[in-house]
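Required output: the full structure, derived from the provided sequences and hints.
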Amino acid sequence: SQKIEQNSEALNIQEGKTATLTCNYTNYSPAYLQWYRQDPGRGPVFLLLIRENEKEKRKERLKVTFDTTLKQSLFHITASQPADSATYLCALDFGDDKIIFGKGTRLHILP
Amino acid sequence: GAVVSQHPSWVICKSGTSVKIECRSLDFQATTMFWYRQFPKQSLMLMATSNEGSKATYEQGVEKDKFLINHASLTLSTLTVTSAHPEDSSFYICSARHLRGSEKLFFGSGTQLSVL
Chain F
5 SQKIEQNSEA LNIQEGKTAT LTCNYTNYSP AYLQWYRQDP GRGPVFLLLI
55 RENEKEKRKE RLKVTFDTTL KQSLFHITAS QPADSATYLC ALDFGDDKII
105 FGKGTRLHIL P
Chain S
9 GAVVSQHPSW VICKSGTSVK IECRSLDFQA TTMFWYRQFP KQSLMLMATS
59 NEGSKATYEQ GVEKDKFLIN HASLTLSTLT VTSAHPEDSS FYICSARHLR
109 GSEKLFFGSG TQLSVL
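Protein chains in written order, with the numbering used here: chain F, 5 to 115; chain S, 9 to 124.
Please keep in mind that the hints were generated in silico from the structure rather than gathered at the bench.
Treat the hints with care, since some could be wrong.
DSS-like mimics (lysine-lysine), calculated; alpha carbons at most 25 Å apart, straight line [as the list claims (entries may be wrong)]:
(1) K63/S to K7/F
(2) K102/F to K63/S
(3) K49/S to K75/F
(4) K102/F to K74/S
(5) K107/F to K21/F
(6) K107/F to K49/S
A few chain S residues that don't get close to chain F, going by computed Cβ distances all over 12 Å [said to hold, decoys possible]:
(7) L84
(8) H93
(9) V123
Pair by pair, the computed Cβ-Cβ distance ranges are [what the hints assert, rightly or not]:
(10) K74/S to E64/F: 38 to 48 Å
(11) K7/F to T65/S: 19 to 29 Å
(12) E13/F to Q68/S: 23 to 33 Å
Cβ coordinates follow ideal geometry from the N, Cα and C atoms, glycine included.
Right, dumping it as structure tokens:
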């Protein structure tokens with residue numbers, strides 16, 4: 005069966021440390037993998053996109069890796085801050101208007 | 009950046025009534041808009057893909073007669089929940105892709121629907 009899983013429902017990280025979130029999928033072959041941030045009661049906001057032929061992408065304190073052999077993406081936030089607390093969603097994009105979202109990981113950065 | 013405006017932010021209605029939710033792309037044209045629903049602590053579930061000037065494509069299990077989608081222009085799509093029931097209570101979110109083929113989605117702020 006086809007699945008997309010994010011490593012944990014919730015993750016607590018001490019401020020200043022690096023937060024690492026995992027997205028695994030099975031039986032899919034996405035063209036892109038995207039990461040979004042969602043705050044309570046709000047719509048998701050786009051963060052980063054990585055293509056199937058890219059291994060790593062960076063944007064300020066954010067880094068995404070994409071391993072199509074392992075079918076896994078890692079999302080890192082370095083020097084984490086309490087303001088980074090939110091739910092982070094990974095999404096598989098097949099390049100044909102179909103995008104499938106994971107359930108998300110609720111990240112709490114502890115001051 | 010591109011902005012997608014969604015209204016209303018929240019709505020409370022009686023069982024049996026219909027509710028219309030609007031999704032507008034404010035500063036870009038979107039040939040394709042998407043409608044999702046999200047239950048607490050759950051993933052975004054795609055309900056339908058809406059293309060300007062044509063009928064929406066519904067995901068399996070989504071009743072097209074209950075969730076009416078109209079995409080009358082390149083900047084506006086509407087979702088009407090007809091004869092709403094308490095089980096339709098959920099968070100509904102729209103998103104849009106830029107006409108020029110950007111891969112990323114721009115999301116509305118969502119509509120919390122509560123059916124009494």
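> Which of the stated hints cannot be reconciled with the structure, identified by number in ascending sequence?
Replying inline: 1
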